Structures are given as C-alpha cells and as structure tokens.
Amino acid sequence: MFKQLFVVFLLAVSSLQAQSAALMGFEDSYMLMTETGEYNQEMMFNYAPSIHHAFGIEVMRMSPKGTRATTMTGINYTGLIKRWNMPSAQANIWMMGSVGEARGMHNGFSYSPSVQFDYETARLYFLAKMRMVRAPGMINDNAAIQGGFSFYETDFDETQPWFVLEAKATKNYNPSFQVTPALRLIHQSYFLEFGVTNPFDKSERAPRLNLMFTY
Amino acid sequence: MKKTLIILFCLLASPIVSAATSIKAEVNGMVCAFCAKGIQKKLNAMPEGQGAFVDLKRRIVVLELKPAQDVSLDVFTQVIKDAGYAVSKVEKVEQSIVEIKANIKASIKGQ
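These protein sequences, in sequence, are chains X and U. First residue of the first sequence? That's -7 in the numbering used here, and the numbers climb one at a time after it. First residue of the second sequence? That's 552 in the numbering used here, and the numbers climb one at a time after it.
These aren't lab readings, by the way, just hints derived from the structure by calculation. All figures in this text were calculated on a predicted structure; none of them were measured in a lab. Don't be surprised by glycine CBs; every beta carbon is placed ideally from N, CA and C. One or more of the hints may lead you astray.
To be verified - Okay, the calculated bits of chain X under chain U, using three or more residues with CB under 8 Å as the criterion:
(1) 24 to 34
(2) 59 to 69
(3) 119 to 132
(4) 175 to 181
What the hints assert, rightly or not - Taking lysine to any residue and the SDA-like style, the derived pairs with C-alpha atoms no more than 25 Å apart in a straight line are:
(5) U:Lys575 x X:Ala114
(6) U:Lys592 x X:Phe101
(7) U:Lys588 x X:Met25
(8) U:Lys632 x X:Thr63
(9) U:Lys588 x U:Asn654
(10) U:Lys592 x X:Phe183
(11) U:Lys575 x X:Gln180
(12) U:Lys592 x X:Lys121
(13) U:Lys617 x U:Lys660
(14) U:Lys608 x X:Thr151
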C-alpha cells in the first residue's frame, strides 16, 4: 500500500508541474502549525508565494509509548494539486513532503511524503490523509481520517466552534491506533483545537493541542 | 435676502451627494474564515478600492471603489480566481458597503 502511495506522490509532483499555468493563490501568507500531544509533537512554519505552493521548515517528534523518541527536522513543501470550488463547498487534494535529519532512537536521513483529500462546507468537514514517515530503521507510515461538524454557521468576524473526530493508524507504533475527539475553534486567522487521544483507554488517554496561525 | 444667502451658503458648504459604486460578487468555495481572509487580503490590496467586505454566510464579497476609480468585472473576477475561488455572479451596484450591509440586515429582519 505504501509503495502505491509513493507512486501517487511522484505522480502528484509531476502533475503539479503540468498545472503550473493554473496557479491560484492566497499569495504572500505565512502559516504556523503546531501539534502537542503525548505521542506526537510537530511544528511547521511555511510561506506560500501562491495558493498552489508553500515552502517551510518542520520539526516532528515521534514519541511512542515505552520507546525513546525520534525528532525529525527538515524542510517542507506543500502543494495544492487540485481544488474544486462549489456553491457551498470546497474540496482539495494536497501533497506534502519533507526531507531532513532524524535524531534520537533513529538517526540519519529522514523523509515524509503525504497526500491529503479534504472536503468542507460551512457546517461539515472531512479529511483523509496518508503519510510516509521514514528514517533509518524507522517506518512509521500512517493513515488518518477526520470528520467534523460545526455547531452553527458564523459570520467572518465571529468564532466558529467545531467538533472533530480523528482516527489514525500508524505502523510500528504504540499506540498503533489513535482516536481523538476534539473541539476546534476558528476565528479568521486563528485555529485552536483541543482533544483527548484514546479517551476510553485509561493507559493511553492523553491530551492533544493543535494551533494554527495564518498571517 | 439674508435667508437666501444662508440657504446658498449651506448648499455650497454641503458635500456633493453622489452614490458610491461597489463591485459585488457571489463566490463559490468560500466556506471558511481562512478562505475569506485570503480574499479580503487580495481586495484590500487593490488601489482602486476604498474598502472590502466579506459576508461568509451568504458567500458575498464586495469591493467599494474610490470616487472616479474603476475596475472591470473581468479584472475583479480574476482577482477572486487568483485568491483560489470561483465567481458565480458579479455585478456593479450603486451602493456603498454601509448600504449593502444595511440591506443585508434588513433582509434578515424581513425573513
């Protein structure tokens, strides 16, 4: 399955080059994203010269239960492969990739390509993502789906609350299956999400905080 | 005579009343605050505009033009496309953003 994903990744790169004439963008924006949880910590900062491309840096710490953590530091690329704009919805296919260096339990060259599909209306949200996470001796490829709904529709200058449920499966990881219900608040440039991973398993229960800021 | 002079003075001192011109568009794909933020940033950067308004609930964006300034509907549509969205309807209206907001408010009350 992950070999197929890699092929999709390569196709995505080539299709991006073929679509360079159709660039659309929220140009000139910076984005900071962080995830803080017991099993995974991540920070990404990128700059988007257009809506189709963003470049940045990323630090990801994989900290499975009972094992020493591995921190991967690298450069990151995000590309919008395809967007569908509908009257009351939007759908996107994204590809992302980072290369860098792993330190900790595993050491050496690390890389992490991924593809993502998302669909969103003003009240509903769905996301599916597949990601390879590789370093010497480490294969933590994962697949995740997210679904959510907004409690009510808001105007641009109001804060919109969402309930989001994520299920994530990670190869060679403990816990290998993580379910995280979360409350998400979105206000113009800000995004704050607080959830609890595996809330029904006392031994794996852990809080998770996600933040995003766009300027 | 004195009254006539006062009226004449008031007329000369009062600003010339002219309707503001705005470009109003319905935008496909604008479903979240991040989307709206990107569009607002693009519109605010247009030198011909003196204000932008985004109505996320109704998927409407408005650019109020400065006096004696103009932007073609094609150029405006392209700006929205460059921001990553699609325009389903675009028109010029002889209204300011304040008036458009008031109309929306009135239509909500009337529902």
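A quick look at each hint next to the structure:
1. 24 to 34: Result for this restraint: violated, n = 0.
2. 59 to 69: Contact hint for the region 59 to 69 of chain X vs chain U: violated, 0 residues under 8 Å.
3. 119 to 132: It is violated, with 0 qualifying residues against the three required.
4. 175 to 181: As far as the region 175 to 181 of chain X goes, the hint holds, because 4 residues have Cβ atoms under 8 Å from chain U.
5. U:Lys575 x X:Ala114: Satisfied, since the Cα-Cα distance of roughly 21 Å is no more than 25 Å.
6. U:Lys592 x X:Phe101: violated (39 Å)
7. U:Lys588 x X:Met25: holds (17 Å)
8. U:Lys632 x X:Thr63: violated (39 Å)
9. U:Lys588 x U:Asn654: At roughly 23 Å apart (the allowed maximum being 25 Å), Asn654 (chain U) and Lys588 (chain U) satisfy the hint.
10. U:Lys592 x X:Phe183: Satisfied, since the Cα-Cα distance of roughly 18 Å is no more than 25 Å.
11. U:Lys575 x X:Gln180: The given pair, whose Cα atoms are some 21 Å apart, holds under the 25 Å limit.
12. U:Lys592 x X:Lys121: The given pair, whose Cα atoms are some 29 Å apart, is violated under the 25 Å limit.
13. U:Lys617 x U:Lys660: Violated - the C-alpha atoms of Lys660 (chain U) and Lys617 (chain U) are around 30 Å apart, more than 25 Å.
14. U:Lys608 x X:Thr151: The hint holds at about 13 Å.
In terms of the numbered hints stated before, the structure departs from hints 1, 2, 3, 6, 8, 12, 13, listed from lowest to highest.
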